[in-house]
Every structure is written in C-alpha cells, then in structure tokens.
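Peer 1: The chain contents come next:
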Amino acid sequence: MCDTCGCNLTPGNRHLAFKPVAKGATAVSVLKGLLAKNDDQAAHNREHFDRRGILAINLMSSPGSGKTALLEATLTALKDEFTCAVIEGDLETENDAERIRAKGVQAHQIVTGTACHLDAHLVHDALHHMTLDGVDLLFIENVGNLVCPASFDLGQHLNVTLLSVTEGDDKPAKYPVMFRAADAMLLTKTDLLAVLDDFDPDKAEAHLRDLANPAPVLRLSARKGAGMDAWVTWLREQLAAQRARVAIGQSRRPAIQADGQRYHRITA
Amino acid sequence: MHELAVAQALVEQVESVIDQHAASAASRIRVRIGPLAGVVPDLLASAFPLAAAGSRMERATLDLVDAPIKVRCQACGSETEAAMNRLVCGACGDWHTQVISGDELLLESVELETAPSLTPES
Ligand SMILES: Nc1nc2c(ncn2[C@@H]2O[C@H](COP(=O)(O)OP(=O)(O)OP(=O)(O)O)[C@@H](O)[C@H]2O)c(=O)[nH]1
Ligand SMILES: [Mg+2]
Ligand SMILES: [Zn+2]
Ligand SMILES: [Zn+2]
Ligand SMILES: [Zn+2]
Ligand SMILES: [Zn+2]
Numbered sequence: 000m001c002d003t004c005g006c007n008l009t010p011g012n013r014h015l016a017f018k019p020v021a022k023g024a025t026a027v028s029v030l031k032g033l034l035a036k037n038d039d040q041a042a043h044n045r046e047h048f049d050r051r052g053i054l055a056i057n058l059m060s061s062p063g064s065g066k067t068a069l070l071e072a073t074l075t076a077l078k079d080e081f082t083c084a085v086i087e088g089d090l091e092t093e094n095d096a097e098r099i100r101a102k103g104v105q106a107h108q109i110v111t112g113t114a115c116h117l118d119a120h121l122v123h124d125a126l127h128h129m130t131l132d133g134v135d136l137l138f139i140e141n142v143g144n145l146v147c148p149a150s151f152d153l154g155q156h157l158n159v160t161l162l163s164v165t166e167g168d169d170k171p172a173k174y175p176v177m178f179r180a181a182d183a184m185l186l187t188k189t190d191l192l193a194v195l196d197d198f199d200p201d202k203a204e205a206h207l208r209d210l211a212n213p214a215p216v217l218r219l220s221a222r223k224g225a226g227m228d229a230w231v232t233w234l235r236e237q238l239a240a241q242r243a244r245v246a247i248g249q250s251r252r253p254a255i256q257a258d259g260q261r262y263h264r265i266t267a
Numbered sequence: 000m001h002e003l004a005v006a007q008a009l010v011e012q013v014e015s016v017i018d019q020h021a022a023s024a025a026s027r028i029r030v031r032i033g034p035l036a037g038v039v040p041d042l043l044a045s046a047f048p049l050a051a052a053g054s055r056m057e058r059a060t061l062d063l064v065d066a067p068i069k070v071r072c073q074a075c076g077s078e079t080e081a082a083m084n085r086l087v088c089g090a091c092g093d094w095h096t097q098v099i100s101g102d103e104l105l106l107e108s109v110e111l112e113t114a115p116s117l118t119p120e121s
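Each protein sequence line maps, in turn, to chains A and B. When you number the first sequence by numbering that gives the first Met the number 0, it's gap-free, plus one each residue, and the end is 267. When you number the second sequence by numbering that gives the first Met the number 0, it's gap-free, plus one each residue, and the end is 121.
It is possible that part of the hints are untrue.
Claimed, not checked - Pairs of lysine-lysine residues, derived as DSSO-like cross-links and limited to a Cα-Cα distance of at most 27 Å, are as follows:
id, chain 1, residue 1, chain 2, residue 2
1, B, K69, A, K173
2, A, K78, A, K102
3, B, K69, A, K202
4, A, K31, B, K69
Said to hold, decoys possible - Anything over 12 Å on all C-beta distances counts as not near chain A; from chain B, calculated:
id, residue
5, H20
6, A25
7, D41
8, P48
9, E57
10, A90
What the hints contain is simulated information worked out from the structure, not anything from laboratory work. Note that this is a predicted model, so its numbers are computed, not measured. Each residue gets a CB set at the ideal place from its N, CA and C atoms; glycine is no exception.
If we strip away everything but chain A, and leave its shape as in the complex, we get (with noise of 0.2 Å):
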C-alpha cells in the first residue's frame, strides 16, 4: 500500500494495476478520493481538537438562515459553563466575527474571496490565529450556501445544518447532499411560523427522513429563544460524547463521511 501517491499497490493486484495499455504508456490503478488531500488535513485538524478534548460543530445554511443569530444566543446561553470559540467563513466582510467578539468570545473571521465554501486548509490556517488550550467548543460557521459546504470535511465532528423557515420545507428534497451530511437539523426563525402558512415543519422533517438521515430536527427561534433548552441540551451531550469518546482515543466523524468509507465496495 503506497498512500501517498495512492496507488494502492498490493502483490495481488500489481498485475492489474501495470496492464499494458499501449507502447509506451501505463495504466494505473488509483482508488483514492478526488479531496483525499482535504481529508488528510481535515484529519490533522480533527487531532489538533481529539487531543485538547474540543468539540468541533460546522454550521451550514442558506446565506442569512440565521447562523450568527444562533450563535450569538447559543455563546449568551453557555457563557458561564463553557469556553467557546468561534470561526466564520464570509466571502466577504468581518461583520459576522464582529458579532462574536461583541459577545466576548475569541473569533477568528476567514475571509474565502471568492471561495464558496471553507476547505481544510483555511480552517488550519485560523486555528493558528487561535487560542485553542481551555477551549470546550468550537464552532465553524461556513459560507452562507447549501451547495459545496458539504463536499469539504474541515476537521469537525458534527455537522448542523439549518433551514429557516422562510426558505421553504422542501429544502432537504432540492439540496439531498447538505441536508444528508447533518448530524442535526435546525428549523430556525420559528417566531416567523405564525405569519407563514406554507412551511410545515413536520413535512420538512419527513423530507430529511426520505434522505435516510436519523438526525434531530430541533425547531428554536433565536430572536424569541424558544427551543433554545433543547439545543443546548443537545450540545452538552455531544461535548459529554465527545469527552467519553476522547478518554479511550476515539474520535467521531460527521456521519456520513464515515460511513462512505466502511459501506462502499469498489467495482471496476
């Protein structure tokens, strides 16, 4: 096995992986990953959190879903029994670090230009603007976009994924790969519900189910704070698991990124 180049070469298949093609050329078997080198960072990163017994949360949504608003009631609701810290991914801007910072809590802004989504690298890159030791949680927030956020594995250990309810309940049925990579589902702005009559929170759930995703659908309005208990309910759970799972040296992937390793058999 060769996994730097990825050629995966064993005494078994070397024959395979050398047929001749033609004079003077190769064919190689390779079977990695196109991100392969996304992940081996994204692993680094995951380390880097695994060894001081953080948990790491990427945030992912539509532009304007209510991702800081989240955060900036989730950072009052925790302020006296954990140390977060916070990274944002904007195209452009500082505002959303701003935000943080105002809350008194350690922000690093990246700043992706024209990237539309955070990669690996840009997460390492921050973590060494950061303050790490004494940290609890870390969140991510991700570019505001439904589409690549979930292509690229940044090192976290949960995914969030929310979907406002002004944004429709058929979201997780147009975006199958952003809503089958949440480990949970944020139905947000639910103070909005009562002046919208098109968004059935029970049907957007189903839309999730038929993506064969078991997450929790948690409904909460940041603004109002109802369902704000569950939530951070939820999150000390995940700090406690991941605190058990980092006492006998396991780590956690998002779901579905692990699972794509262990489920797949590879057909030529």
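Given chain A's structure and the hints, the job is docking chain B with the ligands onto it.
Peer 2: Using the frame of chain A, we list chain B with the ligands on its own:
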C-alpha cells in the same frame, strides 16, 4: 463553483501519480462520480482544462464514470436503486438505509505515458 477546487485537487493527485511512477505525462484519467458526491460532472469537465493548463496532463482525456445510487435496507436487507432525494428502500419503503453506491468521488485510474522499456515501480 467548487468544481474548480475539485479539478485542482484532481490535477494535484494525478501529478503525484505521474511523479511516483516516473512517467512523462498522463494521457487518460478516469474519475467515478456519484450524484450524491455534490459535484456536477459537466462542471468538473469544463473546469478540468483550466486546472490542467500547462501541466503534464493538459492533453489527457478525462473520463467521468457515473455511479448509480444504490441503498441497502437495514430493515429487510434488500439492495435497491434509489433517487437522489428519496434514499428509502425500494422493496419495503423503510428509510433506515445505507448508501452503498452513488456518493463516490474517486480517482479510479490514470494512463501514463512512459518510456517503452521502463519497468514499473511503486
Ligand atoms: N424573526 C427572526 N429573525 C431572525 C432569527 N434569527 C436570525 N434572524 C434574522 O435573519 C437575518 C440573518 O441572520 P444571520 O444570523 O446574520 O444569518 P446568517 O446565516 O449568519 O447569514 P450569513 O452569515 O450571511 O450566511 C438577520 O436579519 C437576523 O436578524 C430569528 O430567530 N427570528
Ligand atoms: Mg453569519
Ligand atoms: Zn496543525
Ligand atoms: Zn464552494
Ligand atoms: Zn427494506
Ligand atoms: Zn505508488
């Protein structure tokens, strides 16, 4: 448009395969993409020439192989085909399934141009 980022990752991987096997260029690159990988094959195909410009694979043919979505049911054990946003069991309808094909994003193989007498080494 993360397909450009994916194309750049592909070029880097093929570069290291070329180096590892002391080849001069790659002539054909085969990538398996499932619909659930979150990468649009057409966009990857059009991003590839940009990422590969000036590299040792700029004249390579990129073959994108589709991977059908298949799920295995945890309730009844069937393996069935499924649609991207309905990953439920095709036999019993249960949603407790595992995707066993359809989310791949895999560099399968590369054809390398080598000197005719060169013996392969890893
Ligand atoms: N009514 C209501 N509005 C909310 C709630 N949460 C957020 N908002 C509003 O939604 C808008 C966007 O909120 P943000 O928290 O900035 O959303 P975001 O997901 O961080 O946005 P980006 O980082 O730009 O993707 C703001 O005007 C918020 O005031 C809520 O619970 N109820
Ligand atoms: Mg924000
Ligand atoms: Zn490091
Ligand atoms: Zn992107
Ligand atoms: Zn079944
Ligand atoms: Zn090798």
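Peer 1: Hint by hint, say whether it matches the structure.
Peer 2: Status of the hints after comparison with the structure:
1. Annotation: proposed proximity of K69 of chain B to K173 of chain A holds, straight-line Cα distance about 19 Å (limit 27 Å).
2. Distance hint between K78 of chain A and K102 of chain A is fulfilled; the C-alpha atoms sit about 9 Å from each other, no more than 27 Å.
3. Taken as a hint, the K69 of chain B and K202 of chain A pair is honoured in the structure, with Cα atoms around 24 Å apart against an allowance of 27 Å.
4. For the given pair, K31 of chain A sits about 20 Å from K69 of chain B by alpha-carbon distance, which is consistent with the 27 Å threshold.
5. Taking the minimum C-beta to C-beta distance to chain A, about 6 Å, the non-interface status of H20 of chain B is violated against the 12 Å cut.
6. Under the 12 Å C-beta cut-off, the non-interface status given to A25 of chain B relative to chain A is violated; the minimum distance is some 9 Å.
7. For D41 of chain B, the non-interface assignment is confirmed: its Cβ lies about 15 Å from the closest Cβ of chain A, beyond the 12 Å cut-off.
8. The claim that P48 of chain B is not at the interface with chain A holds, since no C-beta of that chain comes within 12 Å of its own (minimum 17 Å).
9. No beta-carbon of chain A comes within 12 Å of the beta-carbon of E57 of chain B; the shortest separation is about 17 Å.
10. The beta carbon of A90 of chain B sits about 14 Å from the closest Cβ of chain A, which is more than 12 Å, so the claim that it is off the interface holds.
The structure is inconsistent with the numbered hints 5, 6, although it conforms to all the rest.
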